[in-house]
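Chains as they are written, first to last, in my numbering: chain A, 406 to 780; chain B, 40 to 676.
Everything labelled a hint here was simulated from the structure, so no lab data went into it.
Quick caveat: nothing in here was measured; it's all calculated off a predicted structure.
Take the hints with a grain of salt, since some may be wrong.
[Claimed, not checked] Now the stretches of chain A that chain B is said to cover, found in silico as 3 or more residues with beta-carbon under 8 Å:
| hint | region |
| --- | --- |
| 1 | 495–501 |
| 2 | 619–633 |
[Unchecked claim] List time: in silico SDA-like cross-link candidates among lysine to any residue, alpha-carbon distance up to 20 Å:
| hint | chain 1 | residue 1 | chain 2 | residue 2 |
| --- | --- | --- | --- | --- |
| 3 | B | 496 | A | 623 |
| 4 | B | 402 | B | 291 |
| 5 | B | 290 | B | 329 |
| 6 | A | 650 | B | 423 |
| 7 | B | 139 | A | 563 |
| 8 | B | 139 | A | 496 |
| 9 | B | 132 | A | 496 |
| 10 | B | 167 | A | 709 |
| 11 | B | 167 | A | 486 |
| 12 | A | 611 | B | 489 |
| 13 | A | 611 | B | 484 |
| 14 | B | 139 | A | 491 |
| 15 | B | 356 | B | 423 |
| 16 | A | 650 | B | 325 |
| 17 | B | 496 | B | 533 |
| 18 | B | 206 | A | 491 |
| 19 | B | 139 | A | 632 |
| 20 | B | 206 | A | 564 |
| 21 | B | 206 | A | 563 |
| 22 | B | 139 | A | 623 |
| 23 | A | 611 | A | 632 |
Backbone N, C-alpha and C define an ideal beta-carbon position, used for all residues, glycine too.
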Amino acid sequence: MLCVFYDSDHHDAPITDFLAERFPGVPVLGGTSCDGGMNQLGLGGRGSIALLAITDPEGDYGTASVLLDGDAATCAEKALHAALDNAGCPGELPELIWIYQAPGHEEEVIAGLRRVVGDRCPIIGGSSADNDVSGKWRQLGSDGVMTDGLVVGVFLSSGGVGFAFQGGYEPAGASGVVTKVAYATNGATGVVTQARGRRIITIDHKPAAEVYNRWTDGLVSGKLSTGGNILAETSMHPLGIDAGKIEDVTHYLVVHPDQVLEGGVLSTFAEVEEGTRLFSMRGDKARLVERAGKVTAAAVANIPGGAANVAGALIVYCAGCKMAVGEQMEGVADAVTKSLRGAPFVGCFTFGEQGVVLNKNAHGNLMISAVAFGR
Amino acid sequence: MEGNEELRETLVGMRQELDSLRTEAAHATLLLQALDTLLVVKENDDPFTGVFGALLPVFEASHAIVLVQAEEGSDELECTASSHPALLSLRCKADALLTKVLGGRIVTTLTDSALPDWLLDTSDDLSKSQPALYLPLGVRDRRGMLVLLRRPDQDGFDRAHVALARKFSLLASHAMAASRAHQTEAESHRLKHLTDQLTQSQSALAHRVNHDQLTGLANRAYVQELVDKRLSTKKDGERLALAFIDLDDFKRVNDFYGHAVGDALLCGVAERIQSQLRMTDILGRISGDEFVLVLDPFVERREISVLVNRVRDLLKKPFAIEGLSVKCSGSVGVAIFPTHGRDYETLRRNADAAMYSTKSTAKGNVTYFSKAMGQQMDERMSLEERLRNGFAERQFRCVLQAKVDMGTRRVVGFETLARWVDSEGVVHPPATFLQPAGELGLLDGITGMLLDELIQKLPTLNKTFGRDMRYSVNVSAAQASRPGFMRSIVRQVQSSGSAGNFMLELTEESLITASVFQTQTLPMMREAGVGISIDDFGTGYSSLSTLADITADELKIDRSFISSIHLRPRSQSILRAIESLGAALGIYLVAEGVETEEELHFLQDNTAITLGQGYLFHRPEFIDDLVANSGLGVHAA
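Bound-form chain A, shown alone:
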């Protein structure tokens, strides 16, 4: 299996040609990553390409690609079965499903995959990214490159896998209930199918962007009247959703506001349901750096044999966190390398992250996801 991540400014053809020539018949999984990738040698930076090859003669691996046109959930379901067929394991429950997709349909994709595997199998991955949110993201599978697609990889390894999925944000105090979202509709009929979506119209019956602006002490004041992209400003001040409790302590799934739209509507990178309480969250640079190491260490601890048995890892680090961390990003690569004790890894920077939160497969933003492979 090959995992490949590259800067969106690259042309695809030389990369696919190289892979086809050097690794004929090997399943490929990956795509574009914001400002390149990272590995055990450090942060690749602009223009970089990062590649991880997994060799496991006793394991089975497969990938499949699908264009996300129409019902994304059904597309995902088909791609999963195709990936299992390609791995030579039709009808088997994989050990891990790894996905890379165009941003926008993550919840539907997870819903489709969960129709097949429920929460019996971890679904981990990221949403492909470009360098400036201009839509130049691509997804790379064994069949080539797509701009609005999904690549599903299935892993049935012989050495076992460990995984972890966490955010690095804390509640800042304020919270409110989502009272209106722009509904998802069912086809041309416009029937309201669910009171959830990525455009929050009101929180506590007030324009969502205004409420968010108040919670964050005027962070997006400049965009309230004009609207616009707020991805960079909001990286340290996202929203949080209660994902469940352990011993009465709440765990949060993070949602990243990306735009202020007309009428004070707040657009986000993940779906929010009406009636959900949204929490104002805050981040801290140092913690976002350390967290990458901690998430990796947690994944490593879960593989059979623990750290002594780690062969390598696949890391997904949110591009929003990357923006927030800025010049300290080398620290992120160092922290991951340290947790892996120098074992090889490849890391991508994404516009959405998928992983397991309190035993449930979920999509979130500004999260860090790690998969560690055992020998």
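For chain A, the structure is supplied; the task is to place chain B on it using the hints.
This is chain B only, laid out in the frame that chain A set:
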């Protein structure tokens, strides 16, 4: 611990470890049972009858099938054992999936395409959507497998089942080889050694799963299990008492002496309580500083009170830890079976309520649960529910009470106080909701709501009372100790564009965390121009040096000293001392709770305190009312 993030991480880690230990313990038990069955069967008996009995409930499977190569090396498989009689005659060719399993892979299937045709063809009551789990198994010198099937309406097997299957597959293959093929002495010895190891590991795991690692006492889940077991065997007239013990101010011990001393104290407490127990009593630590003591059996209530009182008194004796003499006490609540509950959860909850009552009235004592307490608990739960809803509906409003120059009655500022106006329009004073709101974690949000309203109405207030007025906002000690929260409050105040018009009222308790306050919060407040007032002064613990360092703008003398001051010489002496302190530090003094003319006259005639606050001057009003009534009395000169 640095913050909630670390706490969350620790909890997830602990949960994973506990889950994994429980799973391993359950696995070890199962493996022992199944192996035992395999090892004791006679040569000609079917070894799987017992194995199926042990495996099916644990895997929640409905059927089990053993397929073995018809001949060594053959790709034809025959069913040699099955819990489903119709499958016993089955013969099939090894397809790709079965070949993988024969090669040693554990395979579990997706639920929508689980069963292969060769299996479906053998029986009408098997369905394609039955989840299946395939485990490789060596049976004598031939390869084979065990296939476990679930009902079609059940979920498929998950990763935990695969892990269990992996262990069973390995050990069962060894056991089969040894028991069925005239094992040698060495093989027999090896197998016995393996079984012994498993037994030891199971017992060690069971202890770790059921006991608190620090004190060695039973943990929350195990206490519940033990008590439930006892309760299930109780006959009419038999009783049991459950005492809930919570250490008083344990957090302070951790804060002052550090976690090592805190941990040693918990161990000391556990030892002392244990020293009083009878053989049949149960003691557990169910969370940080909470212990559950189960007294079983007892006939007369006096027996409980003697023992519980002895525990209470023992806890009050100082603990010698690392050369320190650490003082401690425990508040105790007791509930009795069957009068106060017939199951563990009810008894624990009621004992907890009784303990809570002890805490709020007389820490370090014992309270027995009563019906009235049960009613209070119901009311409290209802209050919490209404508070949560009220919070979501932003029902918390701001009222202002004037602070005046006692000589001229000129208003010099206002204190912001909270009121909860519920959905029926009933106005609740802070005493009825602040404490529960704090416990529910709503206080920060409520403070934010009050500030929002105040800031929103500031232009109107400025117009009515002038721009020089200062508005005080109360901040609890817990809030003041969190620089993050204080930063958000200061930012909120700054967003009004008139930070200089605001003052934060902190209690003396806030100053205990003076170092954090001074290094992080104070400079932020000073830079923003926000004033600092020390509220309820005289009732707390603040030291003179801390007060000097904090450089507060205002000291508000607690109402307990002002009430009937003209009749209380002792309060008068204290007041004089506070007055000298204020003068020495150059801080304005405000007399709180002035309610009578006598109190006012005493203050004016005997002290130099000029500022006062209380019902004598002004009762708190909603801002709109205050503005509307401004011509009627409370107004700036």
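Taking only the CA atoms, is the gap from residue 139/B to residue 632/A under or equal to 20 Å?
At roughly 58 Å apart (the allowed maximum being 20 Å), residue 632/A and residue 139/B break the hint.
Are residue 356/B and residue 423/B close enough, with their CA atoms no more than 20 Å apart?
Not OK: residue 356/B and residue 423/B at ~37 Å, beyond 20 Å, violated.
Under the criterion that the straight-line Cα-Cα distance not exceed 20 Å, is the pair residue 611/A, residue 484/B satisfied?
holds, 17 Å
So if I understand the rule, the pair passes when the alpha-carbon distance is 20 Å or less; does residue 402/B with residue 291/B pass?
holds, 15 Å
Could you grab the alpha-carbon distance between residue 206/B and residue 564/A and see if it respects the 20 Å cut-off?
Roughly 15 Å separates the two Cα atoms, so the pair holds.
Is the straight-line distance between the alpha-carbon of residue 611/A and that of residue 632/A 20 Å or less?
The hint holds at about 17 Å.
Establish whether the coverage given for the region 619–633 of chain A by chain B is satisfied; the threshold is a Cβ-Cβ distance below 8 Å, and no fewer than three residues must meet it.
Held - the region 619–633 of chain A has 3 residues with a Cβ nearer than 8 Å to chain B, which meets the minimum of three.
Taking 20 Å as the top limit, are the C-alpha atoms of residue 167/B and residue 709/A close enough?
It is violated: about 33 Å lies between the C-alpha atoms, which goes past 20 Å.
Between the region 495–501 of chain A and chain B, see if three or more residues pass the 8 Å beta-carbon test, and mark the coverage as holds or violated.
holds (count 5)
Does the structure keep residue 206/B and residue 563/A at a Cα separation of 20 Å or less?
Roughly 15 Å separates the two Cα atoms, so the pair holds.
With the threshold set at 20 Å, check whether the alpha-carbon distance from residue 139/B to residue 491/A stays at or below it.
Holds: residue 139/B and residue 491/A sit about 16 Å apart, inside 20 Å.
Sort out whether residue 496/A lies within 20 Å of residue 139/B, counting only the CA atoms.
Within the cut-off at roughly 13 Å; holds.
Hints 10, 15, 18, 19, 22, counting from the list given before, are not met by this structure.
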